[in-house]
Each structure stands twice: as C-alpha cells, then as structure tokens.
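Peer 1: Sequences and hints are given; from them, build the entire structure.
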Amino acid sequence: MNGEEKGAWVDYEEIDLRRYLGILVKWKWLVAAVTVLAVATTGILSFFVLPPVYEARALLLVTQEEERHSVSPSQDSLESTMQVVSRLPEMTVNTYASQIKNEVVFSRVIERLGLDKNLYSPSSLAGMVKVQAIKDTNLIEVRVQNTNSKLAADIANAICEEFSKFVSENTRQQMTKSVEFLQEQQAATSKDLAAAMEKLKKFQQEPRSVEYLTNEMNTLLDNLAKYKTEADAAEIAAAQLEAAISKLEVQLAETPPKIKVQDVRPVLEDNGETAVPIEREEVNPAYTALQQEINNKKASLAEKRAQAAGLNSLIGQVEKRVKDLQMELTQKRMEEDKLMAEVESLKKAYNILSEKIVETKIAKSVNLGETDLLIASKAMAPTDPVKPKKSLNMALALVLGLIVGVILAFVAEHFDNTIRTPEDVERYLGLAVLGKIPQVEASETKS
Numbered sequence: 012m013n014g015e016e017k018g019a020w021v022d023y024e025e026i027d028l029r030r031y032l033g034i035l036v037k038w039k040w041l042v043a044a045v046t047v048l049a050v051a052t053t054g055i056l057s058f059f060v061l062p063p064v065y066e067a068r069a070l071l072l073v074t075q076e077e078e079r080h081s082v083s084p085s086q087d088s089l090e091s092t093m094q095v096v097s098r099l100p101e102m103t104v105n106t107y108a109s110q111i112k113n114e115v116v117f118s119r120v121i122e123r124l125g126l127d128k129n130l131y132s133p134s135s136l137a138g139m140v141k142v143q144a145i146k147d148t149n150l151i152e153v154r155v156q157n158t159n160s161k162l163a164a165d166i167a168n169a170i171c172e173e174f175s176k177f178v179s180e181n182t183r184q185q186m187t188k189s190v191e192f193l194q195e196q197q198a199a200t201s202k203d204l205a206a207a208m209e210k211l212k213k214f215q216q217e218p219r220s221v222e223y224l225t226n227e228m229n230t231l232l233d234n235l236a237k238y239k240t241e242a243d244a245a246e247i248a249a250a251q252l253e254a255a256i257s258k259l260e261v262q263l264a265e266t267p268p269k270i271k272v273q274d275v276r277p278v279l280e281d282n283g284e285t286a287v288p289i290e291r292e293e294v295n296p297a298y299t300a301l302q303q304e305i306n307n308k309k310a311s312l313a314e315k316r317a318q319a320a321g322l323n324s325l326i327g328q329v330e331k332r333v334k335d336l337q338m339e340l341t342q343k344r345m346e347e348d349k350l351m352a353e354v355e356s357l358k359k360a361y362n363i364l365s366e367k368i369v370e371t372k373i374a375k376s377v378n379l380g381e382t383d384l385l386i387a388s389k390a391m392a393p394t395d396p397v398k399p400k401k402s403l404n405m406a407l408a409l410v411l412g413l414i415v416g417v418i419l420a421f422v423a424e425h426f427d428n429t430i431r432t433p434e435d436v437e438r439y440l441g442l443a444v445l446g447k448i449p450q451v452e453a454s455e456t457k458s
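Going by my numbering, the first residue of the sequence shown is number 12, and it counts up by one from there.
For the record, the hints were derived by calculation from the structure and aren't laboratory data. Bear in mind the structure is a predicted one, so any value in this text is a computation, not a measurement. Just so you know, even glycine gets a beta-carbon here, dropped at the ideal spot from N, CA and C. Just so you know, not all the hints are guaranteed correct.
Pair ranges (Cβ atoms, derived) [claimed, not checked]:
| hint | residue 1 | residue 2 | range |
| --- | --- | --- | --- |
| 1 | 135 | 407 | 57 to 65 Å |
| 2 | 54 | 422 | 43 to 51 Å |
| 3 | 386 | 409 | 38 to 46 Å |
| 4 | 135 | 54 | 23 to 31 Å |
| 5 | 36 | 56 | 51 to 59 Å |
| 6 | 187 | 225 | 16 to 24 Å |
| 7 | 181 | 418 | 53 to 61 Å |
| 8 | 105 | 161 | 25 to 33 Å |
Simulated crosslink set (DSS-like; lysine-lysine; CA at most 27 Å straight-line) [unchecked claim]:
| hint | residue 1 | residue 2 |
| --- | --- | --- |
| 9 | 141 | 176 |
| 10 | 331 | 128 |
| 11 | 176 | 128 |
| 12 | 202 | 359 |
| 13 | 176 | 372 |
| 14 | 213 | 308 |
| 15 | 237 | 176 |
| 16 | 400 | 212 |
| 17 | 258 | 315 |
| 18 | 237 | 188 |
| 19 | 258 | 271 |
| 20 | 161 | 128 |
| 21 | 400 | 188 |
| 22 | 331 | 239 |
| 23 | 334 | 239 |
| 24 | 161 | 400 |
| 25 | 400 | 210 |
| 26 | 358 | 141 |
| 27 | 237 | 331 |
| 28 | 112 | 141 |
| 29 | 188 | 112 |
| 30 | 188 | 176 |
Peer 2: Right, here's the structure in full:
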C-alpha cells in the first residue's frame, strides 16, 4: 500500500466514524427514549410488581462412623453374606443429599405446615428447594426460596426434620425385612440340620457301624500282635532246641553205646569155691540217657515247628481280614465324616443366623435419622430478599436499553429517505450545495 492509498483509507475511516456518530446524534432522542423506557419498566417491575423473594438456609451434619459400615474381609462367604444382609445401610453425604428432594418428604412437609395443596405440591416445593453437599465437609446445605421469609425458614426446618424421620423409617423397614429373611433362613437351616443329624444317627446305628468296625479292628490288631509274638517265641524256641540237639548229638557221638563190666563169679572146685573174674558188656546208661534226651528235644522241636507254622498261617488269615476290614472301615469313615461335616456346617450356619438376627434387631432399634443426621444450623427468617436484584436489574436495563436504542437508531436511519441537511443532498442526489436559503417566518416578512 502506497502513501496515497493509506491516506485515503484513513480519511474514509474518519468520515465513516463521523457518519455513525452523526446518526447517533440525529436519533439521540430515540436512543434516550428507549433507554429511559427500559429503565423505567425494569424499575416498575423490580420495585412495584415483582414480589420480594427470601432465601432461608439450614445445615445438616452427617455423623455416621465409617467403621460401622465396614465389613471384615477375613470372614467366610456365608458370614460375609449375612453381614451384608444384617448391617445398616451405608450412607454417604452425597447419598443423603440426593435423597432429600423426594416426594414423600415434601408431601409430609406440606401436611406438617398445613400448606394450601392448591398452591403447593411436592413438585412445586421441589422447585423452591436447593440441596447441596458442601465439598470436603460432612455438611448438607438446604436452601428454600419463598416470598414469605418466615414460611421459607419453616419449610427449610421442616424438610430437615422430616427427612431425618424418613431415613429412620426406611432403615427400620429395611432391617425388618432383613430380620424376616434371616428368620426364614434360620427355620430352613434348622430343618436341614435336624434331617442331617437324623441321617447321621441312623448311619451310626447300623450293624456294622464305624464304632463296631473300629472295635473289631482293634481286636484283630491285638490278636495279630499276640500271634506274632507267639510265633516269634516258637521260632526262637525251635532254634534253641536245634542248637541243643546238635550239642547233644556231638556228646552222643563221643559216648560209647556199651561199656565193659568185670564181675566175680564164684566157681566150685575140689578144694572149694573160687572167685573167678568175668568180663562182660552192657548198655552204657550215659549213652541211653543222651539218646533219650535227644529224642525228647526232637519231639519238642517238632511241636514248636508245628506251633510256629500254625501261628504263621493264622497270622496270614488275620492280616487278610485286617486288610479287608480296613477298606470297609475307611469307606465307612468317609461317609461318617461327610455326614458330620454337613452337620457341623449346618450348626455353624444356624449359629451365624442366630447371631445376625440379634444384631439386626439391635440395628433395627437404632434411630439412624437422629444418630447420623443432626441439624447443625436451623434456618432463620431472612430479612433481606435475594430476588429481585434491583440494582443489577436497573444496570442491565440501562445497558440493554442503550443497545436496543442504538440498533433502532441505525434501523430508522436506514429506512429514512428525507432530505434535511446539505450532506443528505450530496449523499442522495449527488449534487453540490452552493448555498442555503433560510426559512423566514411570515411574522418576520411583515415587519
């Protein structure tokens, strides 16, 4: 852009701004009239037409203990399930805040304050109420707006009190249902427990019960131990007899079966009797004694061997019987353990249900609305209205009136084709103005 073009653009901008200012000056009365009308209308509405609206504010303090709502994670599934059923409902500040605006509470407030039902309904009352949980606190703020300052305060206080009662009633209803549910489960568990105990009793009274088989097993084991002891004793005795027989046989081999004996036999001779020595053989009594002892030992050895063989055969039979009986006893014990485990499980469930019923009845008696919700600050009848905001309304009316007035001035200028000034002649006719002829009144010409 060269210097001539730049200068022309600046001149055009100045001329255009002067034109706009000229339009505003030309239509200043229109702008002023619109502005005054807007301000006056707003002032009349704010000061004389619109009724003042008052806002009452009440505060609720939530005081529930977090540990009361906690569930122990170390409990088994049954007990944790019963804990969920029997414990008080977990309510947070936001939960309470979201429940305050409900039709039941508002209906009770209308009944309590005796409000005209043609003018007040739960939905219309909800439009007057604002509920907010104050961040990082346990406080709930209840705001009520109404044209009657005292009524606004009464409604705010009534909402807080009726909501406390509403929470208590809901808690009692829930706990009542929980007690009924737990009692039904307890009755069913008691029935199942009785059936399981009867089944276990019949099983234990069978002819070949676990107790009977256990006693029989103990008897067999005692006999088996006795037989093994006797068999071992017989084997030891047989070994001792064999050693003794071997020793005796060695002695027998060294002992002659016969011995020579010299006797003196008298012989008659001519000169009389004469003693004549005679040598003879006879059985060696020591040999005979050894042989007899060996025979006795062999007889005892045969007896001990027969005894050991009999005992070993009996031990085999008893061991087979023990093995069969052990299999039967194991099966019986498994069945009995299963029945006993079922009985113990049902007993535990019954005890848990009994405990939870007591806990739930105690929880039912707790007035949760009064213990968890306290009115920290009651609403007082406000003296200064919050609506209408007269100063703000007047300021907004002034600004809007000026804006609308300016817009109407430009619109009027756009549709105005009358020629009043030399500038209008130049703009509309494109002719230069050489001079002005002043308008002379008739009175001036006569003079």
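Peer 1: Now tell me if each hint is right for this structure.
Peer 2: Each hint, compared with the structure:
1. Separated by about 28 Å at the C-beta atoms, residue 135 and residue 407 break the suggested range of 57 to 65 Å.
2. Checked against the given bound of 43 to 51 Å, the beta carbons of residue 54 and residue 422, roughly 26 Å apart, lie outside it.
3. At about 43 Å, the CB distance of residue 386 to residue 409 agrees with the hint of 38 to 46 Å.
4. Checking the proposed 23 to 31 Å range against residue 135 and residue 54 shows it holds: the Cβ atoms sit about 29 Å from each other.
5. In this structure the supplied range 51 to 59 Å is violated for residue 36 paired with residue 56, their Cβ-Cβ distance being about 31 Å.
6. Taking the beta carbon of each, residue 187 and residue 225 are about 51 Å apart, not inside 16 to 24 Å as hinted.
7. For residue 181 and residue 418, the hinted distance range of 53 to 61 Å is satisfied, since their beta carbons lie about 58 Å from each other.
8. For the pair residue 105 and residue 161, the supplied restraint of 25 to 33 Å holds, since their beta-carbon distance comes to about 31 Å.
9. For the hint pairing residue 141 with residue 176, the CA-to-CA distance comes to about 20 Å; that is within 27 Å, so the pair holds.
10. With a CA separation close to 95 Å, the supplied pair residue 331 and residue 128 exceeds the 27 Å bound.
11. Distance check on the hinted pair: residue 176 and residue 128 sit about 22 Å apart at the alpha-carbon level, within 27 Å; holds.
12. Proximity of residue 202 to residue 359 is assessed by CA-CA distance (about 14 Å); at most 27 Å being required, the pair is judged to hold.
13. Distance check on the hinted pair: residue 176 and residue 372 sit about 19 Å apart at the alpha-carbon level, within 27 Å; holds.
14. About 59 Å separates the Cα atoms of residue 213 and residue 308, which puts this hinted pair outside 27 Å; it is violated.
15. Under the criterion of a C-alpha separation no larger than 27 Å, the hint pairing residue 237 with residue 176 is inconsistent with the structure, at around 82 Å.
16. The hinted pair formed by residue 400 and residue 212 fails the criterion: a straight-line CA distance of about 86 Å is larger than 27 Å.
17. A C-alpha spacing of about 19 Å is found between residue 258 and residue 315, which places the hinted pair at or below 27 Å, so the restraint holds.
18. Our distance criterion of 27 Å between C-alpha atoms is broken by residue 237 and residue 188, whose separation comes to about 67 Å.
19. A distance of roughly 26 Å separates the Cα atoms of residue 258 and residue 271; the hinted pair therefore holds under the 27 Å criterion.
20. Of the supplied pair hints, the one linking residue 161 and residue 128 holds, its CA atoms being roughly 18 Å apart against a limit of 27 Å.
21. Proximity of residue 400 to residue 188 is assessed by CA-CA distance (about 52 Å); at most 27 Å being required, the pair is judged violated.
22. At roughly 14 Å between alpha-carbon atoms, residue 331 and residue 239 fall within 27 Å of each other, so this suggested pair holds.
23. Simply put, residue 334 and residue 239 have alpha-carbon atoms about 16 Å apart, close enough for the 27 Å limit, and the pair holds.
24. For the given pair, residue 161 sits about 20 Å from residue 400 by alpha-carbon distance, which is consistent with the 27 Å threshold.
25. Distance hint between residue 400 and residue 210 is unfulfilled; the C-alpha atoms sit about 83 Å from each other, more than 27 Å.
26. Proposed proximity of residue 358 and residue 141 is contradicted: the alpha carbons are some 53 Å apart, above 27 Å.
27. Distance hint between residue 237 and residue 331 is fulfilled; the C-alpha atoms sit about 16 Å from each other, no more than 27 Å.
28. For the given pair, residue 112 sits about 8 Å from residue 141 by alpha-carbon distance, which is consistent with the 27 Å threshold.
29. At most 27 Å may separate the alpha-carbon atoms for a hinted pair to count; residue 188 and residue 112 meet this at roughly 25 Å.
30. At roughly 18 Å between alpha-carbon atoms, residue 188 and residue 176 fall within 27 Å of each other, so this suggested pair holds.
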